[in-house]
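Taken in order, these protein sequences are the chains called A and B.
One rule links them: number in our numbering = place in the first sequence (from 1) + 68.
One rule links them: number in our numbering = place in the second sequence (from 1) + 68.
Copies of the same chain look alike in the list, so a pair counts if it works inside one copy or between any two.
With a cut-off of at most 30 Å between alpha-carbon atoms, the simulated BS3-like pairs for lysine-lysine come out as follows: (1) 82 <-> 232; (2) 312 <-> 82; (3) 82 <-> 316; (4) 232 <-> 312.
What the hints contain is simulated information worked out from the structure, not anything from laboratory work.
In this text the structure is predicted, and so the values were computed from the model without any measurement.
Number of protein chains: 2
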Amino acid sequence: MNDKVMLAHGSGGKLSHELIEKAFLPVLGNPLLDRLDDSAVFELEGRLALTTDSYVVNPIFFPGGDIGRLAVCGTVNDLAMCGATPLYLSLALVIEEGLPMEELRRVTASVKKTADEAGVSIVTGDTKVVERGSADRIFINTAGIGRIPQNVNISGANARPGDKVILSGSIGEHGIAVMSQREGLRFSVPVESDCAPLNHLVEEMLAASARINCMRDPTRGGLASTLNEIAGQSGAGIRIEEEKIAVKEAVGAACELLGFDPLYVANEGKLIAVVPPEDAEKVVAAMRRRRYGQEAAIIGEVVADHPGQVVMTTRLGASRIVDMLTGELLPRIC
Amino acid sequence: MNDKVMLAHGSGGKLSHELIEKAFLPVLGNPLLDRLDDSAVFELEGRLALTTDSYVVNPIFFPGGDIGRLAVCGTVNDLAMCGATPLYLSLALVIEEGLPMEELRRVTASVKKTADEAGVSIVTGDTKVVERGSADRIFINTAGIGRIPQNVNISGANARPGDKVILSGSIGEHGIAVMSQREGLRFSVPVESDCAPLNHLVEEMLAASARINCMRDPTRGGLASTLNEIAGQSGAGIRIEEEKIAVKEAVGAACELLGFDPLYVANEGKLIAVVPPEDAEKVVAAMRRRRYGQEAAIIGEVVADHPGQVVMTTRLGASRIVDMLTGELLPRIC
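Please put together the full structure from these sequences, using the hints given.
Structure follows, in structure tokens:
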């Protein structure tokens with residue numbers, strides 16, 4: 069096989085088929101994908117969730133992950149945030165002519181490994197190749213479908229005053245890991261992306277409480293923007309406490325150096341849950357039993373005051389309005 | 069609103085939300101999309117089809133269509149080719165910084181118009197923005213989900229010797245339309261892309277016969293590559309007759325000028341169906357009742373000879389092996 073991806077790999081002709089048969093099927097293959105019809109076909113019923121995201125992260129390999137792991141985690145997590153059990157993913161690649169085949173192999177292997185961790189299958193796909201300079205190495209789109217258990221009803225609109233706000237762990241790692249790789253920054257303690265599939269964590273949470281009102285993963289725009297989305301959708305206010313929000317020392321130091329506020333830095337393996345007070349401790353305890361929820365903590369609550377706004381009690385005891393991200397902090401973070 | 073797309077429109081922050089609320093929801097909005105949760109949630113059951121395609125066509129506006137119409141038609145058609153009724157689409161945009169907002173509006177309006185024609189809804193989406201020079205204007209990914217009626221069992225693997233091969237109309241228009249726009253070529257009779265949603269045509273076909281074995285739309289790689297796929301998947305041979313394959317005069321002339329064989333030029337509104345001989349005329353008659361099937365004709369048959377190969381009887385009565393596309397004819401045709 070050629071050692072670089074060529075335009076003809078996206079032609080729909082012989083080289084496209086060779087790529088599918090030599091690079092994709094041996095790694096990603098399963099009975100649904102192997103049929104190679106225009107669509108994957110499967111039986112499913114109930115309340116389903118459908119989501120999509122494109123991934124344009126630069127660089128495509130970074131400490132703690134790569135664009136392949138990101139593309140699976142991001143979509144698995146978007147399904148999980150609706151309480152859905154992720155089942156099937158599509159995988160669509162836009163590749164810049166000249167991408168080393170070895171890099172495509174590494175990305176494909178990472179997609180497979182992450183899909184296995186999450187327990188999902190890649191069932192359909194597409195590959196396009198564009199001329200050198202018309203894209204940056206590789207962009208990936210995944211769409212995903214999952215099934216929502218009957219008693220689950222989760223939406224950003226469901227936050228109610230009195231509910232507790234739970235955060236699954238420390239913030240800012242993904243953004244700082246990608247940024248440091250991109251800019252060639254070295255920190256004494258390297259920062260790794262938190263990029264992880266959260267669906268098994270969510271299963272544990274749903275088993276612990278049937279009353280989780282909202283879940284969302286604070287990716288682009290960070291914790292601050294995601295909390296503002298929930299406040300906006302539900303029309304409730306949110307108050308968080310700065311001292312309850314974990315930020316790893318190395319992330320804090322990097323943010324200080326770069327002039328970033330960790331509240332706005334992207335995460336790819338964290339979630340926020342909004343849960344009635346009676347169930348909050350139960351949910352936190354359940355989360356702490358799972359690898360990706362060991363540092364789960366209640367960081368604040370939904371309030372009747374300042375509807376639609378997020379306010380933070382700072383370490384010094386002052387109140388500060390935490391707005392949605394304005395402008396662009398870190399382009400191409402995911 | 070700004071008159072160009074900026075990096076901050078992909079930040080996940082304020083400008084991202086403004087873009088969604090001002091540019092997307094007023095045009096594409098529906099009860100499922102309007103919730104703005106991480107996934108769209110709907111009830112569905114049965115045999116489902118899931119498909120995805122990314123669209124990188126250059127230029128993004130061409131005679132007879134644009135990247136928005138293409139992105140809806142391509143995915144609707146991939147679902148329809150499995151016999152599925154297309155229902156819900158995702159829409160994910162990768163935009164190059166600086167794209168005129170007016171062009172984004174035109175593309176979005178075209179997505180909406182085409183989705184309405186096909187009877188599908190855009191239920192979830194994503195927007196990423198990359199720096200100038202890291203993508204070419206706009207790339208679109210759509211994934212789609214549809215439901216397959218109970219008695220339908222369509223696959224490229226199902227072609228059987230004796231089956232008739234039906235083609236829904238003349239070939240090569242999409243490829244030539246895009247090519248002529250890209251290269252600034254003028255023909256005495258302008259060629260328009262055939263880009264169209266074929267799902268209503270397929271409904272009519274399925275109502276006429278419960279025994280359609282394969283359907284596929286000959287896009288990238290053209291009629292020749294698609295027939296080779298069916299021959300490859302089913303292990304049967306296919307014989308077609310050159311004189312039965314309609315090529316519009318302007319397309320034929322353009323192909324001659326450019327040195328292309330219309331058998332390899334992309335279509336975006338045509339389909340091939342493989343049907344047992346008893347039902348073939350019935351299916352053709354049904355197709356001719358619909359706008360996008362008026363020129364449907366039987367162009368050949370599945371044979372026991374030359375398994376896995378496509379052979380064409382030329383106008384002069386000779387036999388010619390029609391191979392899958394080798395190399396790349398027209399990059400970024402879809």
